[in-house]
Amino acid sequence: MSRRMRVRMAGWGAVSALALAAGCVGGGDGGHGTADRSEGAPLRVALLTAGPVSDAGWYAGAYEGLLALRDTFGAEISHQQTRTPGEYDEAFFSYASAGYDLIFAHGFEYQDAAIRAGERFPDVTIVVSAGGRVSDNVVPLIFQLEEGSYLAGMVAGAFTRTGRVGMVGGVKIPPAEGTWLAFEAGARAERPDVAATVTWIGSWDDVAAAKEAALALIEQGADVIIHNTDAASFGVFQAVREARERGREVWALGMNRDQNAVAPDVILGSAVIRIAEAFVEITREWRAGRVGGAPYFAGYGNGVVDFVPNPEQIDAYPPDLLQHLDAARRGLADGSLEIPRVRFVEGAGG
Amino acid sequence: MLEWGALAAFLAAAVRVGTPLALAALGEAVAERSGVINIGIEGSLIAGALGGALGALAYDSAAMGVLVGAGAGLAVGVVFAFFAVVLNVDQIIAGTAATVGGLGFTGAIYQARFGATGTQLSLPTLAPVRVPLLADLPVIGGAFFEQAWTVYLAYLLAPALAWWLFRTEWGLELRAVGEEPDAAAAAGVRVRWTRFRATAFGAALAGVAGAHLALASAGTFSEGMSAGRGFIAIAVVVLGRWHPLGVLVASLFFGAATALQFVLQARGLAVSYQLVLALPYLLTLAALAGWVGRARAPAALARPWPETES
Numbered sequence: 001m002s003r004r005m006r007v008r009m010a011g012w013g014a015v016s017a018l019a020l021a022a023g024c025v026g027g028g029d030g031g032h033g034t035a036d037r038s039e040g041a042p043l044r045v046a047l048l049t050a051g052p053v054s055d056a057g058w059y060a061g062a063y064e065g066l067l068a069l070r071d072t073f074g075a076e077i078s079h080q081q082t083r084t085p086g087e088y089d090e091a092f093f094s095y096a097s098a099g100y101d102l103i104f105a106h107g108f109e110y111q112d113a114a115i116r117a118g119e120r121f122p123d124v125t126i127v128v129s130a131g132g133r134v135s136d137n138v139v140p141l142i143f144q145l146e147e148g149s150y151l152a153g154m155v156a157g158a159f160t161r162t163g164r165v166g167m168v169g170g171v172k173i174p175p176a177e178g179t180w181l182a183f184e185a186g187a188r189a190e191r192p193d194v195a196a197t198v199t200w201i202g203s204w205d206d207v208a209a210a211k212e213a214a215l216a217l218i219e220q221g222a223d224v225i226i227h228n229t230d231a232a233s234f235g236v237f238q239a240v241r242e243a244r245e246r247g248r249e250v251w252a253l254g255m256n257r258d259q260n261a262v263a264p265d266v267i268l269g270s271a272v273i274r275i276a277e278a279f280v281e282i283t284r285e286w287r288a289g290r291v292g293g294a295p296y297f298a299g300y301g302n303g304v305v306d307f308v309p310n311p312e313q314i315d316a317y318p319p320d321l322l323q324h325l326d327a328a329r330r331g332l333a334d335g336s337l338e339i340p341r342v343r344f345v346e347g348a349g350g
Numbered sequence: 351m352l353e354w355g356a357l358a359a360f361l362a363a364a365v366r367v368g369t370p371l372a373l374a375a376l377g378e379a380v381a382e383r384s385g386v387i388n389i390g391i392e393g394s395l396i397a398g399a400l401g402g403a404l405g406a407l408a409y410d411s412a413a414m415g416v417l418v419g420a421g422a423g424l425a426v427g428v429v430f431a432f433f434a435v436v437l438n439v440d441q442i443i444a445g446t447a448a449t450v451g452g453l454g455f456t457g458a459i460y461q462a463r464f465g466a467t468g469t470q471l472s473l474p475t476l477a478p479v480r481v482p483l484l485a486d487l488p489v490i491g492g493a494f495f496e497q498a499w500t501v502y503l504a505y506l507l508a509p510a511l512a513w514w515l516f517r518t519e520w521g522l523e524l525r526a527v528g529e530e531p532d533a534a535a536a537a538g539v540r541v542r543w544t545r546f547r548a549t550a551f552g553a554a555l556a557g558v559a560g561a562h563l564a565l566a567s568a569g570t571f572s573e574g575m576s577a578g579r580g581f582i583a584i585a586v587v588v589l590g591r592w593h594p595l596g597v598l599v600a601s602l603f604f605g606a607a608t609a610l611q612f613v614l615q616a617r618g619l620a621v622s623y624q625l626v627l628a629l630p631y632l633l634t635l636a637a638l639a640g641w642v643g644r645a646r647a648p649a650a651l652a653r654p655w656p657e658t659e660s
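Residue numbers (our numbering), protein chains in the order written: chain V, 1 to 350; chain Y, 351 to 660.
Where hints are given, some of them may not hold.
Computed far set for chain Y versus chain V, every beta-carbon distance over 12 Å [said to hold, decoys possible]:
no., residue
1, A362
2, L417
3, V439
4, L453
5, T456
6, F516
7, R525
8, L635
If you anchor each label on the Cβ, the simulated ranges turn out as follows [stated by the list, open to error]:
no., chain 1, residue 1, chain 2, residue 2, range
9, Y, E353, V, P264, 53 to 63 Å
10, V, P311, Y, V481, 42 to 52 Å
11, Y, V439, V, R116, 55 to 65 Å
If you are wondering where the hints come from, they were derived from the structure by calculation, not from laboratory data.
All residues carry an ideal CB built from backbone N, CA and C; glycine is no exception.
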């Protein structure tokens, strides 16, 4: 370890020690001074998440993406979970200065720190999932999850008997709001008189709060409930399971990742982002020099977003619903189907 | 308007949300009465949640889960107390370390045991137990007396702790340590030992609160599922004015505010849910400012003993 390195280590040693204790996984040793871009040098990729990758959802998908980059490109990988916004800049700094080529910052909340880090380290490329700000080396990766959420809404509209469906949302940020509006529109498309309600719990991980929010929706008569949270989704599935045990016919829908196997007894299907495929694809594009200066869109059209019915419940699907879903998919692919979208990327109309 | 059935459902939710707060806050109140502010109970809570889940899985029994959860919370509390009480490290710093460490360690253990990308566990859960007669009361019966037994533990602990703190010699000693540790020491009370035990007791109760969260509320463990309840419990202690009965009522009030905003949103009412959530905190501030009765912290709270000369 060089002397310069040691000095720097002393500077952020305290913070990174905490971050390490808080769950750093992966192979980065942080010992290199500058990026080596020569042919054949291993690609070095880092992932930042603002929550645990054990959520079987949004962050778990990103972690799988990181592993896919290791397996596909032989990349050296490292993951760090940031606990507070105060750690964002520090995390970018530690990876960028250690010579990482690509940093995936998995969430809207990283966008401002990413722009700051991008200015300071022009050699690094930062991909911000659901980000809203663009620069030469900061690229928002926009998952058009509203497309999957719209399809999930159609399923909810077809399955509801009470005519009430609901969503338990995490924090009301533009990407999450987009999935909610599309879910509502999808439910309306299938059943025009449906009443849809959303409850925001102000947290992505609070399982108990998500469960109470779902129980309150069920109490109001909602019988198909989707979520857009991270680990808190377990609370929604648990609430639905307990309601079923009390004899109510209630269903849940998964989001962000294929969660059908998480609670196969209560989940009708999941609106999925194939995050790993998007990570691999954007990395391939980046190697070809085609990433930077503009957002990167990933939706149904390029195979990243979809709705996946739960194979254990597919028999319960009405045949015409499956036909409607296929028609909607075709409309999404050729752009003829208009669905609500919340645009949040600056200057890109995205 | 709220019909009776909806009111009963709302009250039941308030009790469910308030119970982990009550258990953690009752323990914290005892620790604070002895002069130790343990902001590490968040760490004990999450350790209790993981301990509860692992214990319930290992013994296929939710009750054993609660016991293991209490032990896990206690373990975190003993580490905290060793630094804060025995070594006289600043209590806030030691508590922060206990919280950060608890969140980190539980995550690492969970991922090592169940895989990095996580899954929903199917745990033996704490099923609701009907209390004969009381559960038949209209509206409040089901809400208050058809709950997991950890809820009844909170009901019973509050008066028991109130009696213990204010009617027994041990309780007097504990309070003396929290108010005038020098005088207590002069009277022959072992100040550090008393504080150590009070802190350990509080942490074990926080562990029970965490186990309740995993086994009665969520039915699974997930990283970070304590979601700041340890810190809310510290506010609950203030609003409850460091009195166990007050703490029980205050935690139900916090639970009611949370449950209310879920009901309002589920009804599609355009009320700012952030405002509803902020209500108990505004009351806590009012209590601290002396507008809601007299709220005075134990005089030696957060002060190390023996105090170093400066």
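Against the structure, test the hints numbered earlier, and report the numbers of the ones violated in rising order. Violated hints: 1, 4, 5, 9 and 11; rest satisfied.
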